[in-house]
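A.B. asks: The task is simple: from the sequences and hints, build the whole structure.
Protein chains: 4
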Amino acid sequence: MMENPSATASEALAQSVVAVMYANDAFSQWLGVELLEIRPHYAKLKMTVRDEMTNGFGVCHGGVTFSFADSALAFASNTAGKVTVSVENSITYPTRVMSGDVLCCVAEPLAIGRKLSTFQAHITRADGTLVGHFKGTVYHTEKEHQGLADTTT
Amino acid sequence: MMENPSATASEALAQSVVAVMYANDAFSQWLGVELLEIRPHYAKLKMTVRDEMTNGFGVCHGGVTFSFADSALAFASNTAGKVTVSVENSITYPTRVMSGDVLCCVAEPLAIGRKLSTFQAHITRADGTLVGHFKGTVYHTEKEHQGLADTTT
Amino acid sequence: MMENPSATASEALAQSVVAVMYANDAFSQWLGVELLEIRPHYAKLKMTVRDEMTNGFGVCHGGVTFSFADSALAFASNTAGKVTVSVENSITYPTRVMSGDVLCCVAEPLAIGRKLSTFQAHITRADGTLVGHFKGTVYHTEKEHQGLADTTT
Amino acid sequence: MMENPSATASEALAQSVVAVMYANDAFSQWLGVELLEIRPHYAKLKMTVRDEMTNGFGVCHGGVTFSFADSALAFASNTAGKVTVSVENSITYPTRVMSGDVLCCVAEPLAIGRKLSTFQAHITRADGTLVGHFKGTVYHTEKEHQGLADTTT
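Chains X, V, A and E are the protein sequences, given in the same order. Per the working numbering, the first sequence runs over residues 1 to 153. Per the working numbering, the second sequence runs over residues 1 to 153. Per the working numbering, the third sequence runs over residues 1 to 153. Per the working numbering, the fourth sequence runs over residues 1 to 153.
By construction, these hints were calculated from the structure, which means they are not laboratory data. This one's a predicted model, so the numbers in the text were calculated from it and none came from an experiment. Errors might be hidden in some of the hints.
Which copy? The list can't say, so a pair holds if one copy fits it or any two copies do.
Unchecked claim - DMTMM-like mimics (lysine to aspartate or glutamate), calculated; alpha carbons at most 25 Å apart, straight line:
# : residue 1 : residue 2
1 : Lys115    : Glu142
2 : Lys115    : Glu52
3 : Lys115    : Asp51
4 : Lys143    : Asp127
5 : Lys115    : Glu34
6 : Lys44     : Glu108
C.D. replies: In structure tokens form, the structure reads like this:
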């Protein structure tokens, strides 16, 4: 799915960075996160809510919805190749999510800076209803991502 | 631990509500959340970060820290007996958390209203370092918590 | 500018509510806020930054940019006719604003609920650069706006 | 009021930085902000709400309360001598503020970092009621504050 022969260098870098991050991201794997589309400053993910992700009201724990968006933010904000970390995140939950719901999350930039960038993520149910709106500010360190597949050949 | 013969009615209600919520909260149980202290508008929790909670950088996924605080918010904000739901949450991460770290979270009110209340939660490591500061605004519905143990005898 | 003979009832209500709010809003007037477009759940405003709005660094005080967006939120969120108040707001400043800059702000809904709604506002400079991204959660009271011009004839 | 013969060097630096910032801060002066106490990473301010600061409901515009806290954040976060700018701010309004109310704001750190720090500010009325809770994340640039009075003699 990630393969794209005509990918530009920046697209190849984005996909390589996220592939390595995802392979090491135990919690995103526990969540069942799937990568649908990765491009520079952009990530589209999918997951299905399971019973073990519900809270005391029998609905999806807010932390699960947040975590899903936070993974999307981490992927989208690291695509340029600098190790990038979260500074401040916020989330609003317009509608509750139930076990069995299939969620999609798209993270995309509001503003890209040299040191600090801001992204938003929309989390939707299969019927298109917005179930979470997430905003995240990140800090781009000077450190380059390591251990990437060679993307220059 | 929750037993306290001299508990006032409001303390008994707080503990009864949270005991039922916690018993049904599959995700908080997966996180390994322990209830250290529950009082009206207050929750103190503990958890230990496990390898499966780490992200692509080998550190605790931000969503796990958030989820821990979100559980504390849910417990603290439901103690008065009305079903209460999150509206808007934000978190800042001053320091990263590693697998094996033992975290403590205290949620307490900034302001209690009839319909809307605001809580903050401080998440600290065993050495006292602040690793997360969480703020949550909640909406108190008119619905009473059901299925509580009889706390009036 | 607000006149629109073919306006539907909901558009007429939106414009009537905001006209009355604006007429009484001393601080928005001090800011020099102009109403460019008002529709149900939507407000587009304009203002010009003046020297007296700058801070200790000679750039526009963050509170001014916030206030501009907060006015847009207040107008957009009251258009349905119920008195609506802010619960929680956040703002990010991707780029600094200088005295003399002409700002535009568009507030629009992320999710509309019966009691609680969430809006975002984008604040841009004349060159289209995003200088602020604002998110606001509001509470719709049961109280109807009073003193509106008769919009039913 | 700012004079304190026994001030340590860091306290003298804090007061000198803020004195210069305040002298140039046209908007804080328009707000009528008074500096009650300035120390490293700490600012305590006072202001009185005037009629021209009210909104369409005849209560203090949320942007004014925010601006007051934002000034406190700016002062508190610049006290260490590096030019420091706001990244992301949020505010919650537990209680409304009226014209004539005398407000106090205390900004203090939640976590101090080398590049990024987080502060909170509590805004209270004269009767002690919390009317705003503000959180701000700031970025410390490498640039030193200039034009300070000589604080070393």
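A.B. asks: Look at each hint and say if it fits the structure.
C.D. replies: Going through the hints against the structure:
For a Cα distance limit of 25 Å, the shortest separation of Lys115 from Glu142 qualifies both inside one copy, at 9 Å, and across copies, at 13 Å. In this assembly of identical chains, the alpha carbons of Lys115 and Glu52 never lie at most 25 Å apart, being 38 Å within a copy and 30 Å across copies at closest. Taking identical chains as interchangeable, the C-alpha atoms of Lys115 and Asp51 are never at most 25 Å apart, the minima being 39 Å within one chain and 28 Å between chains. Taking identical chains as interchangeable, the C-alpha atoms of Lys143 and Asp127 are never at most 25 Å apart, the minima being 40 Å within one chain and 28 Å between chains.
In this assembly of identical chains, the alpha carbons of Lys115 and Glu34 never lie at most 25 Å apart, being 28 Å within a copy and 33 Å across copies at closest. Proximity of Lys44 and Glu108 under a CA criterion of 25 Å is satisfied in both settings, with 9 Å inside one chain copy and 23 Å between copies.
The structure fails to meet hints 2, 3, 4 and 5 from the earlier list, while all remaining hints are met.
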